Amino acid sequence: MINTRNRPPFTASQWQELEHQALIFKYMVAGVPVPPDLVLPLRRSFDSISASLLHQPT
Numbered sequence: 001m002i003n004t005r006n007r008p009p010f011t012a013s014q015w016q017e018l019e020h021q022a023l024i025f026k027y028m029v030a031g032v033p034v035p036p037d038l039v040l041p042l043r044r045s046f047d048s049i050s051a052s053l054l055h056q057p058t
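Per full-length UniProt numbering, the sequence shown runs over residues 1 to 58.
It is worth saying that the hints were derived from the structure and are not from the lab.
There's no promise every hint is true.
Quick list of simulated restraints, FRET-style, between CB atoms [said to hold, decoys possible]:
1. Q14 <-> L40: 14 to 22 Å
2. P9 <-> P33: 25 to 33 Å
3. R5 <-> P36: 35 to 43 Å
4. S13 <-> D37: 15 to 23 Å
5. P33 <-> R5: 37 to 45 Å
6. L40 <-> R7: 13 to 21 Å
The structure displayed is predicted, hence computed values, not measured ones.
Glycine included, each C-beta is placed from N, C-alpha and C at the ideal position.
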């Protein structure tokens, strides 16, 4: 059995991504436009993930 008591719930990169998404959410809740520089990294990340999924052999 894996000891999860001392392990943080998120990795450092997961925590950074969560903070990034929370910042975008705050803009949306405030009803103001989300700055493009906040959205573009998500778009690039999504594009790279979807591209890798499309090129996987079945």
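We went through each hint and held it up to the structure:
The supplied range of 14 to 22 Å is met by Q14 and L40, whose beta-carbon atoms lie about 20 Å from each other. Separated by about 32 Å at the C-beta atoms, P9 and P33 satisfy the suggested range of 25 to 33 Å. Range check, R5 to P36: Cβ separation about 42 Å, and the 35 to 43 Å hint holds. Taken as a hint, the range 15 to 23 Å holds for the pair S13 and D37, whose Cβ atoms sit roughly 19 Å apart.
The hinted window of 37 to 45 Å between P33 and R5 holds, with their beta carbons roughly 43 Å apart. Hint check: L40 to R7, Cβ distance near 32 Å, so the stated range 13 to 21 Å is violated.
Checked against the numbered hints above, the structure breaks only hint 6 and satisfies the rest.
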